[in-house]
Amino acid sequence: MSFLKINNATKSYGSTKVLRNIDIDVEEGEFLVLVGPSGCGKSTLLNMIAGLENITSGTISIKGQTMNGVHPSKRNIAMVFQSYALYPNMTVGQNITFGLEMHGTAKPEREKAMNEVAEMLQIKPLLNRKPGQLSGGQRQRVAMGRALVRDPDVFLFDEPLSNLDAKLRVDMRTEIKKLHQKLGTTIVYVTHDQIEAMTLSTRIAVMNGGYVQQLGTPKEIYDAPANLFVASFMGSPSMNLVPAKVVSNGDGIFAQLSTGLSEQVNLRFSNPTEALKGFDQKEITLGIRPEAITDPEGADRKARHIEQITNRVIVTEPAGSDTYVMSSLGGKDCNARMRADAQVAAGQNVPFAINMDKAIPFDPSSEMRIA
Amino acid sequence: MSVASTETAINTGRITRTFIYLLLILFALFYLLPFGIMVINSVKPLSEITGGNMMSLPQVFTLEPWLKAWNSAQVGVEATGLKPYFWNSLKMVFPAVAISTVLGALNGYVLTKWRFKGDTILFGLMLFACFIPFQIVLIPMARVLGFLGIAGSTPGLVLVHVVYGLGFTTLYFRNYYQVFPTELIRAAQIDGAGFFRIFWRIMLPSSGPIIVVSVIWQFTNIWNDFLFGASFADLDSQPMTVALNNLVSSSTGVKEYNVHFAGAIIAALPTLLVYIVAGRYFVRGLMAGSVKG
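From first to last, the protein sequence lines stand for chains A and B.
Okay, so the first sequence: first residue is 1 according to the numbering used here, each after it adds one.
Okay, so the second sequence: first residue is 1 according to the numbering used here, each after it adds one.
Rather than coming from a laboratory, the hints here were simulated on the basis of the structure.
It cannot be assumed that every hint is accurate.
As the list claims (entries may be wrong) - Keeping only pairs whose Cα atoms sit at most 25 Å apart, straight-line, the calculated DSS-like set for lysine-lysine is:
| hint | chain 1 | residue 1 | chain 2 | residue 2 |
| --- | --- | --- | --- | --- |
| 1 | A | LYS17 | B | LYS113 |
| 2 | B | LYS68 | B | LYS91 |
| 3 | B | LYS113 | A | LYS74 |
| 4 | B | LYS83 | A | LYS130 |
Work out the full structure: start from the sequences and follow the hints.
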């Protein structure tokens, strides 16, 4: 029996279906991130777990108990909101202990719990201040403190970092991860930021259009995206998706495509699946992440098969740590990640090394990965 | 920011500035003139008013008219002064203001945070209360008061003013709560606070500016109301405004203008006081809903 079980849950407003047949099992101590573009239903799903929105059909259960119709305060959950939702009229201390007070905890115990949490989050000096006197990062901490003090079964985070500036966001991300490692509680976290999803989670549910597109570990999601949506949504810069034709001969199975120099090149798949063999002479969409296309010196030495091609550089984007090099492949712009000191300039013909271990074929009609 | 906000005033030369101030002072004096004349004449003996210039300053200073207006002027059948009616007004105003404000806040809270089917229509209907002229409700209200058995009493007047004021207070609070973040309500729900707990502990304490607006509005309206007081009050529940009218328009004896002036000032004092104490919050509260802080 899993800790948090979402079983065939749907949500509709009138005739508009917002969530369709969601099935997610979360084990105790897991960090599940719901990620997707705005309007994909991820926040709705979180609110359904919290009990702030009712469930149209299906069930959500925590610790084996069905939560349909149970009041939010009786689910033993805590939630951190995007706007932090700190009560403006109360001090930080009162904000943190309000939930305990509502649940009838005695004052000395409340004080004790508050002090422990304040200690952990280093907000002790702020306890007597009002939320209006705090900075964004401090408010974020207080909001987490308010959730932590309840010692809930499940933590729910609704885009908690999106109101912070870029640097603070990275810091708080690390803090949240540390906190999860320390406490080991179950967390469901909603974000539209795929980097947050990758860095924080133990598992990711990529959502779009009311469906869970793929549920898996960050590595599975990144290395073996189930479909074109997941492939293009996860990863920054996003995966190159170029049209190619499957050809095969005695040497293996190849993806045939044209370069920016109008030459046809054949790229051999290093581990073709059975399904791919059925696509012989058919068009596919080939997905290659930018980091799998490099300068030959920067290529992964452990890769089983690397194809080297010559192509014309359209534009270069030095990013400090790497240089992104744009070229044309299969008639589309294709991003390559080269070492920062790779000597390339726009208009030159330079060698590119493509790590074919990481090339993923997709069926252009069904948009699913060919596996 | 504070530097920038002073910069928004148009830069003008010294002469223009002096001219503007002079003009403003002139207007202020003009508006204060009636009140000034009331004060001047309320501390004169009657002979100075009837025998001379109303505009001149008092030759003999006396508080006699004030004491008389308060204690012993002939208002109704007995020479009680305005004192008992002043208390009548207070006994009516305080509960009416408190009840209509709290109910208005509760309405605003429900209409914005506990939405239900048809709530906008209901709110629209409640807004009608702001546009209906007093006179239209007189007869139905008289029936209702009679039916409830509180006609001619202070509780009856309180009910009338609460019902009539509810449209306004609901409008104020609804607009104020409209921009109040709903996530706060959700957080409180998860924390385990119920409907009324959220209202008392979170909504009301954050509603300072709009409470001030509602209180000032209701206080001045109810205190100054004459029609409902004249229509629905008995002799022992008549409010200040009705008593003042009786004092001034009594047709027997000498017209004691100095006493009338003193009585009129006494009748206006509470509203004046409310404005002086809470006036700046009034403007702030009116602005609160419209401009995003």
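Going through the hints against the structure:
1. A:LYS17 <-> B:LYS113: Given pair A:LYS17, B:LYS113 holds - Cα atoms ~24 Å apart, limit 25 Å.
2. B:LYS68 <-> B:LYS91: holds (22 Å)
3. B:LYS113 <-> A:LYS74: holds (21 Å)
4. B:LYS83 <-> A:LYS130: violated (46 Å)
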